[in-house]
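Enquirer: The listed protein sequences correspond, in order, to chains E and U.
Residue 1 is where the first sequence starts when you use the working numbering, and the numbers rise one by one after that.
Residue 1 is where the second sequence starts when you use the working numbering, and the numbers rise one by one after that.
If you are wondering where the hints come from, they were derived from the structure by calculation, not from laboratory data.
A couple of the hints might just be wrong.
[Unchecked claim] With a straight-line cut-off of 30 Å between C-alpha atoms, the simulated DSS-like cross-links for lysine-lysine are: (1) E:Lys57 x U:Lys68; (2) E:Lys9 x U:Lys56; (3) U:Lys68 x U:Lys56; (4) U:Lys71 x E:Lys9.
[What the hints assert, rightly or not] Among chain E residues calculated to face chain U with C-beta under 10 Å, some are: (5) Gly42; (6) Phe64; (7) Phe69; (8) Leu103; (9) Gly106; (10) Glu107.
Backbone N, C-alpha and C fix where the C-beta goes; we use that ideal spot for every residue, glycine too.
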Amino acid sequence: DSGVTQTPKHLITATGQRVTLRCSPRSGDLSVYWYQQSLDQGLQFLIQYYNGEERAKGNILERFSAQQFPDLHSELNLSSLELGDSALYFCASSEQALNTGELFFGEGSRLTVL
Amino acid sequence: GESVGLHLPTLSVQEGDNSIINCAYSNSASDYFIWYKQESGKGPQFIIDIRSNMDKRQGQRVTVLLNKTVKHLSLQIAATQPGDSAVYFCAENAGGTSYGKLTFGQGTILTVHP
Chain E
1 DSGVTQTPKH LITATGQRVT LRCSPRSGDL SVYWYQQSLD QGLQFLIQYY
51 NGEERAKGNI LERFSAQQFP DLHSELNLSS LELGDSALYF CASSEQALNT
101 GELFFGEGSR LTVL
Chain U
1 GESVGLHLPT LSVQEGDNSI INCAYSNSAS DYFIWYKQES GKGPQFIIDI
51 RSNMDKRQGQ RVTVLLNKTV KHLSLQIAAT QPGDSAVYFC AENAGGTSYG
101 KLTFGQGTIL TVHP
């Protein structure tokens with residue numbers, strides 16, 4: 001158990017819809033990362049938040065947005081969903097030090113868009 | 001953009017053998033490399049990391065070797081066990097403000113036969 005909790009574990013929705021994925025980082029971790037894992041693209045970095053502020057951004061679509069709340073949990077919002085958005089979405093957290101790539105990943109939220 | 005790639009998608013070994021998983025990277029600006037293990041149904045799990053000022057780093061039963069001249073990274077697992085069966089990813093980071101912003105390779109499936 002990594003200590004990172006993600007909900008929901010599975011989600012099935014239709015094209016054009018909007019979903020919110022939730023992540024609770026490990027206790028004390030200030031950084032939260034979102035990654036997308038798909039068969040064709042592999043593991044792709046989406047975005048990072050550190051103590052409530054956006055820290056780094058990857059190739060995240062404009063239809064996607066995220067935020068980190070004062071209690072440090074984070075949400076990833078996916079809107080106007082397309083079939084190609086079907087993937088596993090992972091949240092990860094790391095210790096306060098920023099110079100580490102040792103991330104603790106949750107078990108992921110599997111999104112299926114029909 | 002530049003990415004990390006793997007030579008072999010699958011590797012099968014017998015229990016007790018040593019395993020070597022290889023990875024080639026293309027971004028010469030990358031200065032930090034990490035190996036992750038992903039078991040079925042779980043998120044990636046950190047194994048070991050190495051910075052570009054090192055050639056070798058050892059952990060418990062694992063060794064990472066870095067050859068910057070040929071942009072090659074390898075993970076050696078000693079006395080491989082069935083529990084080591086998983087997908088192994090190498091990842092790189094080009095520094096900057098976020099060490100957790102990782103570019104992952106495609107992954108190698110390691111199967112350990114008892």
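Enquirer: Run every hint past the structure and note whether it holds.
Expert: For each hint, the structure was consulted:
1. E:Lys57 x U:Lys68: holds, 27 Å
2. E:Lys9 x U:Lys56: violated, 38 Å
3. U:Lys68 x U:Lys56: OK: Lys68 of chain U and Lys56 of chain U at ~11 Å, within 30 Å.
4. U:Lys71 x E:Lys9: Judged against 30 Å, a Cα distance of about 37 Å means the pair is violated.
5. Gly42: holds, 6 Å
6. Phe64: violated, 16 Å
7. Phe69: violated, 19 Å
8. Leu103: Holds, about 5 Å.
9. Gly106: holds, 5 Å
10. Glu107: holds, 5 Å
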